[in-house]
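Visitor: Now for the letters of each chain:
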Amino acid sequence: GIQVEQSPPDLILQEGANSTLRCNFSDSVNNLQWFHQNPWGQLINLFYIPSGTKQNGRLSATTVATERYSLLYISSSQTTDSGVYFCAVSPGGYQKVTFGIGTKLQVIP
Amino acid sequence: DTGVSQNPRHKITKRGQNVTFRCDPISEHNRLYWYRQTLGQGPEFLTYFQNEAQLEKSRLLSDRFSAERPKGSFSTLEIQRTEQGDSAMYLCASSARRISYGYTFGSGTRLTVV
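Those sequence lines, one after another, are chains A and B.
Note that the numbering used here gives residue 81 to position 81 of the first sequence, counting from 1, and the numbers run on in steps of one.
Note that the numbering used here gives residue 1023 to position 23 of the second sequence, counting from 1, and the numbers run on in steps of one.
Bear in mind the hints are in silico, worked out from the structure with no lab data behind them.
All C-beta atoms, glycine included, are put in the ideal place defined by N, C-alpha and C.
Certain hints may be false.
Just some of the chain B residues that point at chain A, by a computed CB distance under 8 Å [stated by the list, open to error]: (1) H1029; (2) Y1033; (3) T1038; (4) G1042; (5) F1045; (6) Q1054; (7) E1056; (8) S1087; (9) M1089; (10) L1091; (11) I1099; (12) Y1101; (13) G1102; (14) Y1103; (15) G1108.
All chains should be built: construct the whole structure from the sequences, respecting the hints.
Guide: Here it is in structure tokens:
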């Protein structure tokens, strides 16, 4: 099956700092999503982005499908950004997605 | 639209007992997914429904696991003869026919087998 690698595994930031999270995948995909899992375990969908660039407030994401990677940018980080960020991919538009192991982010005041 | 609802939130059961979890997806979503997540790992796919049809089932889903989605609405996941290794967070997600909105997850059911 498709392999998903996320880096870095852990990240500690001072409030206000910017960061870039990376997701590499082993095969072409038609479905790529970024999720944030908050400290209470709730998974929130951030982006559906199989290709191109999207922005939502302080967050943006870029997927370069031909090179099999996606980047999630967090600007002006806040303590509420803490949690685990997952990349999830699927080679088909409507099939299951396979999750990476996540990047654990801690934003300190 | 109240999101994806999962019940119960927590379940503690003795080894060997059967448990059943329920998921109510967003009403207009025709696709429903079950995932399992253990500590420090990403969610792992268990099974997937399109309307009432179960279209894919992971090899992780042993014969002790069964899922249904009668009438294409809510879904249930049953685990028979629970084992300690079944302890995990069980997550349900749904998605619309137009996939570009991505998956919406419920809050999950935390199962502890003692």
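Visitor: Hint by hint, work out which the structure violates, then give me just those numbers in ascending order.
Guide: 1, 3, 6 and 8
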